[in-house]
Every structure is written in C-alpha cells, then in structure tokens.
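Number of protein chains: 2
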Amino acid sequence: MLVAKESELRGKYDIEWKITGVASRRIGWVADPNGLDPQSILNHQWPEAPAWKKCQNVRQWLAYADPSVFFEISSLERRTGQPAIDHIKAALESGAHAVSANKGPVVHAYRELRDLARSKGLKFLFESTVMDGTPIFSMFPHSLPAVELRGFRGLLNSTSNVVLTEMEKGLSFDEAVKKAQEIGVAETDPSDDLDGWDAAVKVAALAIVLMDEPLRLDQVDRTGIRALTPQQVRAARAAGMRYKLICRAERTADGVRASVRPEQLPMTDPFALLEGTTSAIRFDLDVFGLSIIEHKPGVIATAYGLLADFIRAVK
Amino acid sequence: MLVAKESELRGKYDIEWKITGVASRRIGWVADPNGLDPQSILNHQWPEAPAWKKCQNVRQWLAYADPSVFFEISSLERRTGQPAIDHIKAALESGAHAVSANKGPVVHAYRELRDLARSKGLKFLFESTVMDGTPIFSMFPHSLPAVELRGFRGLLNSTSNVVLTEMEKGLSFDEAVKKAQEIGVAETDPSDDLDGWDAAVKVAALAIVLMDEPLRLDQVDRTGIRALTPQQVRAARAAGMRYKLICRAERTADGVRASVRPEQLPMTDPFALLEGTTSAIRFDLDVFGLSIIEHKPGVIATAYGLLADFIRAVK
Numbered sequence: 291m292l293v294a295k296e297s298e299l300r301g302k303y304d305i306e307w308k309i310t311g312v313a314s315r316r317i318g319w320v321a322d323p324n325g326l327d328p329q330s331i332l333n334h335q336w337p338e339a340p341a342w343k344k345c346q347n348v349r350q351w352l353a354y355a356d357p358s359v360f361f362e363i364s365s366l367e368r369r370t371g372q373p374a375i376d377h378i379k380a381a382l383e384s385g386a387h388a389v390s391a392n393k394g395p396v397v398h399a400y401r402e403l404r405d406l407a408r409s410k411g412l413k414f415l416f417e418s419t420v421m422d423g424t425p426i427f428s429m430f431p432h433s434l435p436a437v438e439l440r441g442f443r444g445l446l447n448s449t450s451n452v453v454l455t456e457m458e459k460g461l462s463f464d465e466a467v468k469k470a471q472e473i474g475v476a477e478t479d480p481s482d483d484l485d486g487w488d489a490a491v492k493v494a495a496l497a498i499v500l501m502d503e504p505l506r507l508d509q510v511d512r513t514g515i516r517a518l519t520p521q522q523v524r525a526a527r528a529a530g531m532r533y534k535l536i537c538r539a540e541r542t543a544d545g546v547r548a549s550v551r552p553e554q555l556p557m558t559d560p561f562a563l564l565e566g567t568t569s570a571i572r573f574d575l576d577v578f579g580l581s582i583i584e585h586k587p588g589v590i591a592t593a594y595g596l597l598a599d600f601i602r603a604v605k
Numbered sequence: 291m292l293v294a295k296e297s298e299l300r301g302k303y304d305i306e307w308k309i310t311g312v313a314s315r316r317i318g319w320v321a322d323p324n325g326l327d328p329q330s331i332l333n334h335q336w337p338e339a340p341a342w343k344k345c346q347n348v349r350q351w352l353a354y355a356d357p358s359v360f361f362e363i364s365s366l367e368r369r370t371g372q373p374a375i376d377h378i379k380a381a382l383e384s385g386a387h388a389v390s391a392n393k394g395p396v397v398h399a400y401r402e403l404r405d406l407a408r409s410k411g412l413k414f415l416f417e418s419t420v421m422d423g424t425p426i427f428s429m430f431p432h433s434l435p436a437v438e439l440r441g442f443r444g445l446l447n448s449t450s451n452v453v454l455t456e457m458e459k460g461l462s463f464d465e466a467v468k469k470a471q472e473i474g475v476a477e478t479d480p481s482d483d484l485d486g487w488d489a490a491v492k493v494a495a496l497a498i499v500l501m502d503e504p505l506r507l508d509q510v511d512r513t514g515i516r517a518l519t520p521q522q523v524r525a526a527r528a529a530g531m532r533y534k535l536i537c538r539a540e541r542t543a544d545g546v547r548a549s550v551r552p553e554q555l556p557m558t559d560p561f562a563l564l565e566g567t568t569s570a571i572r573f574d575l576d577v578f579g580l581s582i583i584e585h586k587p588g589v590i591a592t593a594y595g596l597l598a599d600f601i602r603a604v605k
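So the protein lines, in turn, are chains A and B. Using the working numbering, the first residue of the first sequence is number 291, and each one after it goes up by one. Using the working numbering, the first residue of the second sequence is number 291, and each one after it goes up by one.
Just so you know, the hints here were simulated from the structure itself, not pulled from any lab data. Cβ atoms here follow ideal geometry from the backbone N, Cα and C, with glycine treated the same way. Among the hints, a few may not be true.
[Unchecked claim] Here's a subset of chain B near chain A, in silico, CB distances under 8 Å, partners left out:
{"#": "1", "residue": "424"}
{"#": "2", "residue": "579"}
{"#": "3", "residue": "580"}
{"#": "4", "residue": "582"}
{"#": "5", "residue": "590"}
{"#": "6", "residue": "597"}
[Claimed, not checked] Quick look at which bits of chain B chain A covers, simulated, 3 or more residues with Cβ under 8 Å:
{"#": "7", "region": "298 to 308"}
{"#": "8", "region": "432 to 441"}
{"#": "9", "region": "549 to 560"}
Here chain A stands alone, though its shape is the one from the complex:
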C-alpha cells in the first residue's frame, strides 16, 4: 500500500517514507536505519548482512531503526492484549507514533496508551481494528463533533456471516466452516469467530473509545453461532427471516450494556441482505441514525486503514 500510493503521498501530502525496520516471529527484529528495500521485503528476499542488523528485542530494534511511525499488526491475544501493548508502549516512549490493526491494545489498554501518546505529543491510532479502513474511529472526533452516541448495532464478523449463509444454502455447520476457510475468510482455528469473541472484542473496542465507557471484555454478553443448527437457520430463511450474528451496545442508567448473539432479522432489515465479508454498523445518535456499510473488503482494506492512520499521524 505504501508503494502503491507512493506518488500520491509525495505529491498530495508531501510525505516521503522509508522502512527502517521489520519484525515478525519468523524473521526476528530486523532493522536498517538507511532503509530496507520494500520490494525485497514483499518478495521475502533479504539483502546480505551487514546492510541490516538483527536486534535482540523491541527496544534495541526501535533504538536502531529510529522510526517516526510504528505499525503494530500482530494477531489478537484477547486475554491480555500482549505483547502488542508492550510493543506500542515502547514505540511511543521511543518517540514514534503508533498505528495498530490489533484490537487487543484498544480493549486492554486504550486509556493508558492514549494518555501516553498525548503526553509525548504523539498519535495512537487504530482505524483498522474495526471494519478495516472504513471511517469509524477517525470519523467521530472530526466529522461528528458534539454528538451523543446512545448505542449501536453491528454485523462485524465475516466468518460467522459466511458460515450462516452457507448453512442457509444447505451445508452442515462443519462444511460451512470448511467453506469459509477455503475462501480465505476463516482462520485455521476459527473458534474466536464462531464463539463470538472477535465480535465481542470489536463491541468492547467501540464502546471503550466512542462511548468513553471502561467496558471489560467479560462484561459483553456473548453467544456465538455454534449452537445454531442448519434446521434452525433454514427454517428462519423459509419464514422470510435470516440469522445474523449481531453486536449491540446501548447506554443505560447503569452504564453501557453490550452483547453479541445470533438474531433473526426480517428481510426488510438492510442488515439481513449483507453477505460474505461485508460488514455494517448502525449508530444511534441524538441527531439522526447513521449506518455505515463496508462492501466486500479484502486485505487491501485493512492495509488502507493503516495507511490512512499513517497520513493522519504525520500530517
């Protein structure tokens, strides 16, 4: 995405960039303050040492790579949000903006990371964590100032959506999961999706950031789609309804109540028509209702969210 948008970044935003470090479980902490070649990285081709150096840990790596922006895109660890939280802290403390596509740090350490970033005059941004690059977290402060967000309803988990659609078409639960894996939507272990954890983490992230509510993940009332039988799913369809895994949050006198559970929607509900990786959210504001639908995103949509945060961080 950085390469694809390079000329626009330079021409329209006056942004030049180089990649001074890359790290993953497989390659370790690789850094070169003079810049690594993006095309070589994309092709998994590494130049001969000593053009680059392998560091021992995140702090050594940050010190050597000296980034102005740090991208955190490791997988979700839903229980603790680690080690992503520690990595983001280290990056902010080293003077780099932090851009994350990982929901864990938002759910487990939003206020701490936000305040740390502020105290350093830096940004902690995470647009890609919910609905990829679709404007959600960046939209509220700028485009919806002074609104009261009373609640929201979302269709936010692609795997569940694909599995339910395939069950409607006649597949068993296991066959439907296999289909979702084959088309690249579901992971090898899709438990977090099927048990509603992915959706619950998204609800919590939205409530914590947009509703300023210190919601814990275990406070989200969560039911996944495992208990639904193909018979139930097809009976609903025959009756003009459709099961969807629906996320909800609502502000009440006792704080925000949040849930994730399968619901039967009538075919007159726009959410009932959404299939595949399409996701959607409806915000209940004091001034109007606002729905946002992201149609059939691929991995490029997540990458775009990181790029958009990058532009917002450095401009």
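Since chain A is already given, all that's left is putting chain B on it; use the hints.
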C-alpha cells in the same frame, strides 16, 4: 442547536458564542454587536430599538455585526446560486468563516469560494448541503485520505422517495404528492424534487467537490419521476422490484458522467428498502465500497450539520 449544545460547546470545545446578526427576507438585516437573545429570536420576539439596528445591505450588516462565522441558509436558486454566492463572498471578505446549507454556491462557485476562503485563512464549509449533517464532505479529506473515488450511487431526494412509496400503496401521483406535502417532506412547489433538479444539484455538488470535476448542472443527465404511472410503480412492486430515483456519477476517460433517473431495484438491494426521508449513498473507492445511510432525519439533522461545520471552522 446552538442553545441545546451550549454547555458541551463550552466544556468540550472551549467555544463561547453570541448571535450578533440575523437576516431574512421578512425581517431584513438585523444586527447587534452586543448579541441578540437566542430565545427571543426563536420566539420571533424582537427587543426594543436601539438595542439592535436594521442595516441596509449585507456589507453594512457584516460591518456592524462583525461576525467570526457566517451561516448561509437561504433557499436554493438553482440557475445562478445567487444571492447566496454574493453573501458568502462578502462574509469571507469581511473576515468571517462561511458555513452554508445551500447547494447553489457549491454548484455555481465552489472553486472561487474555496480559494477566496483559503486566501483569507478562513473556512468555507457546507456539510449540510447533501444528507444533512451526515459525514460526507468532512469525511473525505480527514477519514479517507489518498483514496480514489471512482463513482457513487445515491438515493438523495426524500420527496421522490415518499411519492413513489405512496404510489406503491395505491395513491395517484397527485395524491402522493399531496401526502408528501402533508407530512412536511415536500414543499408547496415540489417541482424541483419531482423533476429531479434537487437530486441533480446534489450529484453535481458531490462530483465537483469530491471528484474535483468542474461539472455543470446541465451536464447531469436528468429524468424526474413525473412520467412514472401508478401502474408502472405497482407492476414493479408486484414483480419484486421497486422504483427509486437514483443518482449516479462515474469517472470515465471523458470526465465524470452523471445522471438522475428512476430505476427499478431488486428487493435484495439495500437501497430498495429505504423509505421516507431516509437517504443513502454508496461510494465506489479503489480500496473498498462504502455505503452511508442517514435514517429518518428531521430538520435537527440539518441544524446539526451547520453546528458541526461551526465547530470545525473555529477549532
């Protein structure tokens, strides 16, 4: 809206305000640099002179009221955009930010007003012109940087939407128009809505601003809903389809092609489900498809768009 959000404006945004001038065809150019009482204005009660002064024209009024922000909310004059354009120019030249809910100045003088505002270090904002306060014009530069907007499809005229729904239910065209007037959606002379002018002006405004295309209103291929008979509308419904007045714009090798015309949508299209004052737009971006739906807005939604622009202008 200013009164309703007063404590939030002060507490969250550190914005204090007073109304130093109000003008309309009926009351003339009323100004008081010490501030007019908002509650009296809402009640159409005017204090005794000489607490306030009636000016002769917009420049005298601006000079006496000395505003930092000017709100332009006169009715659309679709042929020339006047006198709103001249009023906005005068306001910008006097040193005030200009916030407009009127599409005319955007369609007839966008670049001139944008450049004038820039040259003065001021803002010319107009979020309320399309879909009220729903994030559109404010969303693109901030939340969708570096995207390529290839085209869009919108359902943007409430009157047509209500009239078509009422015709589906069995009313004649004239009865349906009367119904739309009774519920406060259609104006006394609804021609601009029924002939597709309102929708065409919105398409032009979106293409001019978001696609950077100097589209003229007469370049929008425009068909309204007058030619549709109740028989056609009901036959479509019986066949599982629904007529909606659809706006389209698409970037082609020869520039942007734009149209407004009634189209039959299948009931599997989320736009087919939208009724009443609900409006929607789907943007075709290079990174994903993005739909935005504004559910059942009232006049407060337009007022909110002006308030949001006000906050963006002064912060």
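**Asked** Does the structure break any of the earlier hints, and which numbers would those be?
**Response** Going through the list in order, the structure violates no hint and respects every one.
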